[in-house]
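2 protein chains.
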Amino acid sequence: MADRPVKELSWKTPLEVAHKPAMDKIAKTGICGIMDVIAPGIPPGSDTATLALLGYDAVKVYSGRGAFEAIGSGIDVLPGDVALRCNFATVDDEFVVLDRRAGRIANEDASKLAESLQKIKPTGSSVKIVFKNTVQHRAALLLRGPKLSTAVGDSDPEKVGEKVLEIKALDNSLEAKRTAEILNDLLQKFHKILQEHPINEKRVKHGLLPANAILCRGAGTVPNIKPLSEVYGVNAACVSAVSLIKGVCKVAGMKLVDVNGATGTPQTDFMAKAKAAVQTLKTNDFVLLHVKAPDVPSHDGNVKQKIAVIEKIDQMLGYLLEKVDLNETYLAVTADHTTSSLTRNHEGDPVPIAITGPYIRCDDVTEFGERTCAKGGLNRIRGIDLMPILMNLIGKTRKFGA
Amino acid sequence: MADRPVKELSWKTPLEVAHKPAMDKIAKTGICGIMDVIAPGIPPGSDTATLALLGYDAVKVYSGRGAFEAIGSGIDVLPGDVALRCNFATVDDEFVVLDRRAGRIANEDASKLAESLQKIKPTGSSVKIVFKNTVQHRAALLLRGPKLSTAVGDSDPEKVGEKVLEIKALDNSLEAKRTAEILNDLLQKFHKILQEHPINEKRVKHGLLPANAILCRGAGTVPNIKPLSEVYGVNAACVSAVSLIKGVCKVAGMKLVDVNGATGTPQTDFMAKAKAAVQTLKTNDFVLLHVKAPDVPSHDGNVKQKIAVIEKIDQMLGYLLEKVDLNETYLAVTADHTTSSLTRNHEGDPVPIAITGPYIRCDDVTEFGERTCAKGGLNRIRGIDLMPILMNLIGKTRKFGA
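Here the protein sequences come in this chain order: A and B. For the first sequence, the residue numbers in my numbering are 757 to 1158. For the second sequence, the residue numbers in my numbering are 757 to 1158.
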């Protein structure tokens, strides 16, 4: 949601330009600030950002993206398993990436393709695999077996026009070499199957990009963290369509709420998510309502769509303001990172934050935005501080000392 | 540059009183804040401050001033060497310090005196020495040999009217005792030679203070840090006349740019430095333009000269604003520490900071100053955060997570 000033918006940000009466009301009735989700200048990933926003020291506990992605997609990840985030992608005959998201392939096509990859076995190894697609081009791959390592590189070059990378061992251990070999073998086999798959033949006929390769990155394993119920003694739940976020929340011991129509895209059913959040709040102390939508147009450099998505989020927040009793509930609005619609990357600029609720030290900020919030009563905080701040407001932090 | 409010300036600071259109323009078109260079309330040294401003954790990596001073003065410091910052000073017959800077002795005199100290050997030891003067009263002394230690005290009492200190071992190791003995022996020998030196006889005849003693402090060795090229993948360079700063920058892997007329004094050639910085920027991603000048009148309690120096720095910045394309370059102005012209010491009050450039979240601060900047969009940051913030703006920080 957060951005840098955009030239075509007369040097305002999409958030500053958007019509957002609900966010402004939250800012006006609440306390505002800016937040370095990880640390000043450091561009957060969505996983490390969510860990930080849930109060964990991401720098210490982060164990790679893959496990979150797999857990969030419903795969059971055990200690020792190695999981990777995957993309369905389009490559040419020389393995040069033409599209990292296979034209943001629809869930339906991706599901059928994923099914055909389930039975593949790596040559000469007893390692078992699980491959599961989630939303659009997103998928997770899990390896289970003895002597695996997360110390392996990515096959995803993260740039269009570059060749798919051979996965390399990142240390000298036999485990890392073995894991890299297994992955390279699997990815070759995946390519062969996808290349000849009827779904892809159909896609090409319809002028769509074929999803003829799997790119993978972020090998990881389950991090060792205490659930929120143990840290703060709260029942916590998460409404999100994105498996990476769901994975982080599940590891934090949160209940995952599935919502019909929640897709993680700009076309997601915002109101269905809002309704689910209100419902969930009845039986939980803390609900994280996560909306991926504004990140998509940011990565695509689509400023207009970003503004439109922010306005839809605002309507969603309007519903929350109506349905949630702010005499006994605190409501915080923020972003997990800045994404520049110019660089199309996550950036390390801070995000705005506003918290409203019954006993808040309301400041005089009247608009929610990257710059207005910088004048607020929270000043500049870190992501890791947000959860203690919220838990303190609802009486769930423990006194340190006597 | 930064100061506390001064009574004679109607409780304004020298920076607040100075005519500084360029700094104000940078503040007006940029984002402002205040910065605790090390931590709130902690008076930074120039070396630890520069380490922090270059993004290093000074508290962890600082290994004494001496090595920076020696490296910056062109002495090659190897692991195991012990280097100390030295002052040419004036003492009476009882070794009481009359002037810690020998009347801010001119480079020419200091060079000749330094030459005469080169051949001295410590009694009964194979340790070799290098003694090199830099600017005015400043010099560096290096000891090279086996079994040396940096755990030795200073001989510099840091106060006029006090006796030169005997250098003491700071731990119980044989190495520390040995190093202290060698140093005490050397300083005695230095005193003898200086006392009888024709240059000092000439100085006294001309009514100048004789530089008849060497005070030393800050025994140190080379710190173990990664160069900026490795941390951020940038080519970095430094324009500074001060060996302590040059030493820190060299250790950070920065190119040192020598400028004719740059002296580290209020009489330095400000414009020559500005021109060198603009030129250097053509082949470097990051240039640190360091001006020592305002620190000198601060330590002398000369408020009027401090204001005049700040105004000269402003003219220098005016040149930068003219010559640097701010559509593709970011420009940050700050100080490495507050120096009170009343206490004449470095103080732990935060310094102002302003950053301008193409995609900055410009705030509504219109004047550069210790108090105006406190209302800016950066809020309050730490010195160690500045480099990631700048590197993020030019796309040189790495995403943490996925």
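The reader is advised that the hints may include incorrect statements.
Listed next, the stretches of chain A that the computed footprint assigns to chain B, with coverage defined by at least 3 CB atoms under 8 Å from CB atoms of chain B [as the list claims (entries may be wrong)]: (1) 798–806; (2) 863–871; (3) 984–994.
Stretch by stretch, here's where chain A covers chain B in the computed footprint (C-beta under 8 Å, at least three residues) [said to hold, decoys possible]: (4) 770–779; (5) 1144–1151.
Calculated directly from the structure, the hints in this document are not laboratory data. Since the model is a prediction, treat every value here as computed from it, not as a measurement. Backbone N, C-alpha and C define an ideal beta-carbon position, used for all residues, glycine too.
query: Of the hints stated earlier, which fail here?
result: 2, 3, 4
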